[in-house]
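Position chain R relative to chain D; hints supplied.
From first to last, the protein sequence lines are chains D and R. Using the working numbering, read the first sequence as starting at 7 and increasing by one per residue. Using the working numbering, read the second sequence as starting at 233 and increasing by one per residue.
There are no misleading hints in this set.
Here are the computed lysine-lysine pairs in the BS3-like style, where the Cα-Cα straight-line distance is at most 25 Å:
1) K691/D / K296/R
2) K1004/D / K976/D
3) K894/D / K916/D
4) K458/D / K237/R
5) K896/D / K708/D
6) K458/D / K329/R
7) K896/D / K705/D
8) K329/R / K339/R
9) K685/D / K296/R
10) K434/D / K331/R
11) K887/D / K708/D
12) K34/D / K390/D
13) K911/D / K895/D
14) K331/R / K458/D
15) K616/D / K161/D
16) K705/D / K685/D
17) K1004/D / K916/D
18) K941/D / K972/D
None of these hints come from the bench; they were simulated from the model.
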Amino acid sequence: MSTRLASGGSVIDRETTVSFTFNGKTFKGYKGDTLAAALLANGQTLVGRSFKYHRPRGIMASGAEEPNALVNMGVGNRFEPNQRTTTTEVFEGLTATSQNHWPSLEFDVGAINNKVPRLLPAGFYYKTFMKPQWAWKHLFEPIIRHSAGLGNAPKEADADRYEYFYAYVDVLIVGGGMAGLAAALEAGASGAKVLLMEQTANLGGRLAVDEAIIDGKPSADWIAQTIADLDAMENVTIRTRTMGSGVFDHGYAMGYERINDHAPDDTAPRHRLWRIRARRIVTATGALERPLSFAGNDIPGVMLASAVRDYASLFGVSAGDRTVVVTNNDDAYRTAIQMKNAGLEVPVILDARPQADGALPTAARALGIRVDTGKAIAKVKGYKFVTGVEICSQAGEGTSLETIPCDVVAMSGGWSPVVHLWSHCGGKLNWDEANAMFSPDPIRPPLGSDGKGFVLTAGTASGELATAAALRNARTVGRQAADEAGFASLTVNLESLVLAHDEEPMLPVWSMPAGAPYKLRSKSWLDFQNDVKVSDVRLAAQEGYESVEHTKRYTTLGMATDQGKLSNINGLAILADSLNAPIPNVGTTTFRPPYTPISLGSIAGEARGKLFKPTRKSPIDTWQDANNAVWEPVADWRRPYTYRRDGETTAQAVTREIDNTRTGVSVLDASTLGKILVKGPDAAKFLDLIYTNMMSSLKVGKCRYGLMCTENGFLFDDGVVARLSEDEFLCHTTSGGSDNVHGWMEEWLQTEWWDFEVYTTNVTEQFAQIAVVGPNARKVLEKLGGMDVSSETLPFMGFTDGTLAGIQARPFRISFSGELSYEIAVPAAQGQAFWNKVMEAGEEFGIMPYGTEALHVMRAEKGFIMIGDETDGTVIPQDLKLGWAVSKKKTDFIGKRAMERDFLKRDDRKQLVGLLTENPADVLPDGAHAVEGGKNRYGQENMIGHVTSTYFSPTLNHSIAMALIKGGSKRMGEVLTFPIGDNKTIKATVVDPVFYDKEGERQNV
Amino acid sequence: MLMLKCPNCGVTAEETEFAPGGEAHLTRFASGSEDQAFSDYLFARKNPRGVHFERWRHAFGCGKWFHAARCTATLEVFGTYTGQTSTPPDDITAAVKAKRPEWEGFK
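Isolated chain R, as found in the complex:
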């Protein structure tokens, strides 16, 4: 059971206090978009073995959404950050890079 820190309220809590929200930083494709782009937005997920950016909600706490950068293989958490961003902030990518020099960067 993972431990995560909610960047909004500062609480470090067990996974059961949070609700997972899948892959982070998806671009929404709305009315008029290409079929393939819309299909990918709905269904295509990276599902990597390694560095992953994902959405979580502090469901049984402050209720706020946030992002986590995490290694799906070792479960190491590189950091959590605000939900109101469409790309991981620099300090997070730097933290990932420091731990995983071979990581090719976000996107």
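Next up, chain D with everything else stripped away, as it sits in the complex:
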């Protein structure tokens, strides 16, 4: 039984008690405890269930590598699943619940899977749920979704705040253990700007647990002194609770700071995402201890040897009273010695090596601890907790020699450097045969823009496992990093005097015992979280999965939150053995950021709600908001869909606006229309290339509707071009297209026709554009006064400059509604003032504003196309009956060559038609497909086209629609069938798409 020891615990404050709940039960812990430490202190060794077999799971590790002890944290809008108990600090009021079990942690129905593991081998899903096809959607998937998965998804919006933080440093050091501190000291001494990030709350790393004497100082003193020295350097910044989560191209790194997870309060953001640019990055990320693969190695109470002594040393918590240590190296003896010195029992150390005579084994024996060499665990006894181990010879097949009662098994399969950050951006690895581990190859680092390596590794992360060598490496690398960042160091001596136990070589042990039969292999876990066992990886190899990446996906080894931490090397070794290949030939899976999961909130930062994306607003926005605008987003803008009056529905408001425009006069805010000024001696020549139609022949003072195509011949934007002078044009674009079109023009000018003397500028926001529309429009303008707006002076498709109501104005006689219309551009700052004058002058004519929906209906009544409705990136002008706007005289324009292709000239392309429904009240659904009878080879109806715009027209008192229909221009009068779901169909007759005022008499008055 785990419990709190009477003494020890270097990071806890025994004076400050905090209470928290786990599965509704209240526990007490101390300030400084991790949740895992506090749970162990309270005897709670069972903390969750495994993914597939729902096996009982306990705490295995003491840090970020923990695979099992993940819990749901918090409630309501602060609920979060999959939080690691080993990296979560306890605080007063913390609420946690265990995951992945039903109905309870103690009794889980899903554990039945455990009784029949042969039913759930590797690739089980792929093999089992193939047929019948219908069963996947209706039977298998719902069941799997219910039983698989770890924590629950939060149901409420996150109540916390998050932020980004940008940092630019010379040297970034990831890891605040001995190596990170030493490297920071060297780099800092050079004057370089240094940032050191440590993922836990405490600096010192393993040195805080595994003592050594450095330069005459015990580790705790050396750590304290080094921190003090670093604090004294103004150019060095240290952030704890900040994980270096990823390394990216050219010296970009990401840090994940948990600001107040350990002490929730509303005054600060919860997490901070650091976006760092560093000249050099030093990863001092240490190493992770590896589990051993023996039967029952997943039972709660089986822990990493280093974790067992971490809990005792850092938190004053014993994982249990009787600890059996099983190892293939000297390091694990430290655990035995620590537990023995704490007054606890260590019945035996099982060392798989034939002999163990180094300093640490000798010290353990001197304490009276039994050391059995050449021995292994045949299997662990127990289910929800360890009750004992059966001992066997490592060399054999697992015949039990002796059963030893115990409640903790401390295992160590050696150590693997944490190479994740080194590898994120392409750093390569070497196989270190002596230590059976992959370590960074310093001559193949990730490269910066200058082709030089920008990541260095320090300490055990470099593969230097011995304390003295790790320290020497860290100091050297710290200085090298500063040097490469442009700061020469003055330090001469990089040697420290280190007194620590020498260690004898380890022995790689991938299977315990060496000849373990299937019965044992199928209980030997490689990946504790995803329930992948030795037998699964062997099966995958047997079934032909030779690539490590394929095996990973087939077996789920190392997936989810583990990401190659605990399961990695053991799994690779088993695969290599099964394939009879050397481990380095099998290689590793790809290490991808983040190192451990980071919150989605931190990735979003402040970009939530209104700050997600800025809204563009017209100069009339405030007035519109105060006058019942029903907003709709149009590209980045917000525009009034309609202005709804009291007692009206939205549809009624739209109808009122249309009627008023067609019979009287209305006003539209068209300010969002794109406006691009094109000027220069070659402006006309340039626009002839940009537009499909001829712009060079346009007369000064006149407007022309123009089309723009891509090089593929597809229409992508349209608008009216006005020639302001011989060498100056104003090009109107769609509301959403102005930035794209401006960029498009610049791209051609700068990269293809750079000899042209042309300048472009996007003046969209410099002008408010107000359309006065309807039979009485001219009367309103005459009342405003200031210029002659008669049809003689200002005819249709003309424009002029002058003043209206004392405001500088440029009215264009252009119409998107088919009515008499003036679109008047005024300086943006005068927009609201001019709008007010128009409303005032129009009052006697019953003027009212109209929104985008009325605009849409009226343009559809006129058969005018809308980019994005009638076009979708595959439509050419000819498809839309706009062939008249494609010049045949010009030798070149963008899209001309494409239109020479045979398939763009075919007459059975989908072409624009109008549709009138049989029942005038039936409005076709947007996107409805027309069918022509018969089925295709998938058993679907043969489709011949779809509806692109559809409205009820109050003007015609009839539903109208536009559609792109195969060979549509030859189908006039045909009745088409549109299935609309629920076995219903709508029938509609193909007609000309111009429904209203075909001659255009109303606009040309």
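Chain R alone, transformed into the frame defined by chain D:
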């Protein structure tokens, strides 16, 4: 996230400040050209593992297009240069050659 230097305004900035424009130094085939030539101009791209010449626009800066010579495998940037040229200038090809002696040259 790459770091690039805009040769027009001299600013060295992060990739997010730029917009990529694909392979550089394509020859435009216009009206009357052969089908294959036009198709290649529209769709065929080199996509090499190694030395690559590409177009970038300093979209959130000076707005100008420029060219970059870059290694797609190691992400090393050999140099950036004006957008108003149809072949890489000599100093750029020399810089590439110095770093990648096995490189066979442009085109």
